[in-house]
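Peer 1: In case you want the letters, here they are:
Number of protein chains: 2
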Amino acid sequence: MKKISVGNNVFMYPMPVTLLGVNILGKPNFMTLGWVTRVNANPPMVGCGVGKHHYTPQGFDENKTFSINFPSADMVRKVDYCGLVSGKDIDKSKLFEVFYGDLKTAPMIKECPLSIECRLVKVVQNPTNNFYIGEIAGSYTEEQYLTDGKPDIRKLNPLLLTMMDNRYWTVGEYAGDAWSIGKNVKIG
Amino acid sequence: MKKISVGNNVFMYPMPVTLLGVNILGKPNFMTLGWVTRVNANPPMVGCGVGKHHYTPQGFDENKTFSINFPSADMVRKVDYCGLVSGKDIDKSKLFEVFYGDLKTAPMIKECPLSIECRLVKVVQNPTNNFYIGEIAGSYTEEQYLTDGKPDIRKLNPLLLTMMDNRYWTVGEYAGDAWSIGKNVKIG
Numbered sequence: 110m111k112k113i114s115v116g117n118n119v120f121m122y123p124m125p126v127t128l129l130g131v132n133i134l135g136k137p138n139f140m141t142l143g144w145v146t147r148v149n150a151n152p153p154m155v156g157c158g159v160g161k162h163h164y165t166p167q168g169f170d171e172n173k174t175f176s177i178n179f180p181s182a183d184m185v186r187k188v189d190y191c192g193l194v195s196g197k198d199i200d201k202s203k204l205f206e207v208f209y210g211d212l213k214t215a216p217m218i219k220e221c222p223l224s225i226e227c228r229l230v231k232v233v234q235n236p237t238n239n240f241y242i243g244e245i246a247g248s249y250t251e252e253q254y255l256t257d258g259k260p261d262i263r264k265l266n267p268l269l270l271t272m273m274d275n276r277y278w279t280v281g282e283y284a285g286d287a288w289s290i291g292k293n294v295k296i297g
Numbered sequence: 110m111k112k113i114s115v116g117n118n119v120f121m122y123p124m125p126v127t128l129l130g131v132n133i134l135g136k137p138n139f140m141t142l143g144w145v146t147r148v149n150a151n152p153p154m155v156g157c158g159v160g161k162h163h164y165t166p167q168g169f170d171e172n173k174t175f176s177i178n179f180p181s182a183d184m185v186r187k188v189d190y191c192g193l194v195s196g197k198d199i200d201k202s203k204l205f206e207v208f209y210g211d212l213k214t215a216p217m218i219k220e221c222p223l224s225i226e227c228r229l230v231k232v233v234q235n236p237t238n239n240f241y242i243g244e245i246a247g248s249y250t251e252e253q254y255l256t257d258g259k260p261d262i263r264k265l266n267p268l269l270l271t272m273m274d275n276r277y278w279t280v281g282e283y284a285g286d287a288w289s290i291g292k293n294v295k296i297g
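Going down the list, the sequences are from chains A and B. Read left to right, the first sequence gives residues 110 to 297 (the numbering used here). Read left to right, the second sequence gives residues 110 to 297 (the numbering used here).
Since the hints were made in silico from the structure, they are not lab data. A couple of the hints might just be wrong.
[As the list claims (entries may be wrong)] Subject to a maximum C-alpha distance of 27 Å in a straight line, what follows is the list of computed BS3-like cross-link-like pairs (lysine-lysine):
id	chain 1	residue 1	chain 2	residue 2
1	B	LYS292	A	LYS161
2	B	LYS292	B	LYS187
3	A	LYS295	B	LYS136
4	B	LYS161	A	LYS292
5	B	LYS112	A	LYS219
6	A	LYS187	B	LYS203
7	A	LYS203	B	LYS203
8	A	LYS187	B	LYS295
9	B	LYS203	B	LYS173
10	B	LYS231	B	LYS292
11	A	LYS136	B	LYS295
12	B	LYS161	B	LYS112
13	A	LYS136	B	LYS292
14	B	LYS203	A	LYS292
15	A	LYS264	A	LYS219
16	A	LYS187	A	LYS173
17	A	LYS112	B	LYS264
18	A	LYS292	B	LYS187
19	B	LYS295	A	LYS231
Next comes chain A alone, as it looks inside the complex:
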C-alpha cells in the first residue's frame, strides 16, 4: 500500500490519561496530562511535558514535588473538566478528595485507583513545553486494584487518549505476555 503523510503533529497511539497534581499557593491543582512516561529504570523516574503557559508550572517551582494520578474510566467527566479549565481561573481544589504522602506537598486524589508522588529532579526546557523529570517517592493504591500484589489494569480501568481526533478510550482485551510471546520467532 502507498504510504502517505499526516503531517508532523503526530501523537502517541494511545496516550495514558493522568491527572497531574501540584500545590500552588498552598492549594491543590490538577491538570489532565497525556504526555507522561517513565524515563529511568533505577531509581524509578517519570517525566511529563507541560505547556509553559499553563498554571501548573508555578506549582513545580514552589514545591519541587508533583503527583501523577490514574483515574478510572467512570471519572471521565471530571478528568476532562480538568483539561478544560485552568487553575488560573477556576479553583479545582474541591473537585476531588485530596490526600498527601511522605512528600507532604504533592496532592493526590483519593478517588483515583493509583497515585504516585514524585520529587522534582530536573526541568528540561523545550520550545513551548517544559519536561519535568521526577523520582517516584511513593505509590498509593488499594487492595481491590491488585492481582498477585501488582496493579491490575482491568481493575484500574484507566482511560486512554487519542489526538488529533480528541477521544477517550478504555482498555480492551489481553493480547499476550510480554517478554514471552515472541520467543519462537525465527528471522528470514
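Please build the complex by placing chain B on the supplied structure of chain A, with the hints as guidance.
Peer 2: Same frame as chain A, but now just chain B:
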C-alpha cells in the same frame, strides 16, 4: 478504602507499544519501546527513555535520527521478539520490510500502520537511561488507517503494555470526546 503502597517502581497504565528504529553500522535495528511520549507542542517533539546498556544508543550517536513505529496487534509476536533479543547478538534488519523518508537514516517499518521519523535534538542523561528528544520530521501511514484524514486508533489497532505484570493489551471502547465531555461539570 485504605491506601497501600506498591513500592516505587510504578509504570504508566498503560504504555503505548512502539518499535524504535535506528541505523547502526548502516543496518536497521529495532527495539520494543513503551517509554515514549510527546514532549513539545510546537515544533512537535517526542522523547524516549532507553537503557544505556542497550544496542540502540549507538544508532542515535551515529546518525542523530530515529523512528517511532506503531505496530498493529497482529504483529505482537515480532514486536515482542524485538524486546527479547539485542541487536548486539542478533541481526534484526531482516525482520521487517524497511523504508526510509526524508531523513534518509531513520529506518521505518512498512508493515506498521503508522511511523514517524525524528531528528535528534537533545539527549538528557538520567542515571540508567538516556532520554532522547527528537523533532518529528515526517509521518508515514496509509489511507486505510485514516478517518476524516486523521489516524483512527480503531484502524491502527495498536498494542498497549503493562508492567510489572508484563502484558500486552488492545484498545477497547470509545469513552467520550476529550475537551468536551466534561463541559457541564460543576464544582462543590
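Peer 1: Under the criterion that the straight-line Cα-Cα distance not exceed 27 Å, is the pair A:LYS112, B:LYS264 satisfied?
Peer 2: 15 Å, holds
Peer 1: Keeping to a limit of 27 Å between CA atoms, is the pair of B:LYS203 and A:LYS292 held or broken?
Peer 2: With Cα atoms ~17 Å apart, B:LYS203 and A:LYS292 stay inside 27 Å; holds.
Peer 1: Run the distance test for A:LYS187 versus B:LYS295: straight-line Cα separation, threshold 27 Å.
Peer 2: 9 Å, holds
Peer 1: Quick one, are A:LYS203 and B:LYS203 close enough, alpha carbons at most 27 Å?
Peer 2: 56 Å, violated
Peer 1: Are the Cα positions of A:LYS187 and A:LYS173 separated by 27 Å at most?
Peer 2: 26 Å, holds
Peer 1: What's the verdict on B:LYS112 and A:LYS219, does the C-alpha distance respect the 27 Å limit or exceed it?
Peer 2: 8 Å, holds
Peer 1: Below or equal to 27 Å on CA atoms is what counts here, so check A:LYS295 against B:LYS136.
Peer 2: 18 Å, holds
Peer 1: Is A:LYS136 close enough to B:LYS292, meaning Cα to Cα at most 27 Å?
Peer 2: 23 Å, holds
Peer 1: Next pair to validate is B:LYS161 with B:LYS112; report whether the Cα-Cα distance is within 27 Å.
Peer 2: 35 Å, violated
Peer 1: Are the Cα atoms of B:LYS292 and B:LYS187 separated by 27 Å or less?
Peer 2: Outside the cut-off at roughly 42 Å; violated.
Peer 1: Given the hint that A:LYS136 pairs with B:LYS295, does the C-alpha gap stay at or below 27 Å?
Peer 2: 18 Å, holds
Peer 1: Check the hint pairing B:LYS292 with A:LYS161 against an upper bound of 27 Å on the C-alpha distance.
Peer 2: With a Cα-Cα distance of about 24 Å, the restraint between B:LYS292 and A:LYS161 holds, given a limit of 27 Å.
In this structure, the hints that do not hold are numbers 2, 6, 7, 10, 12 and 19, in rising order.
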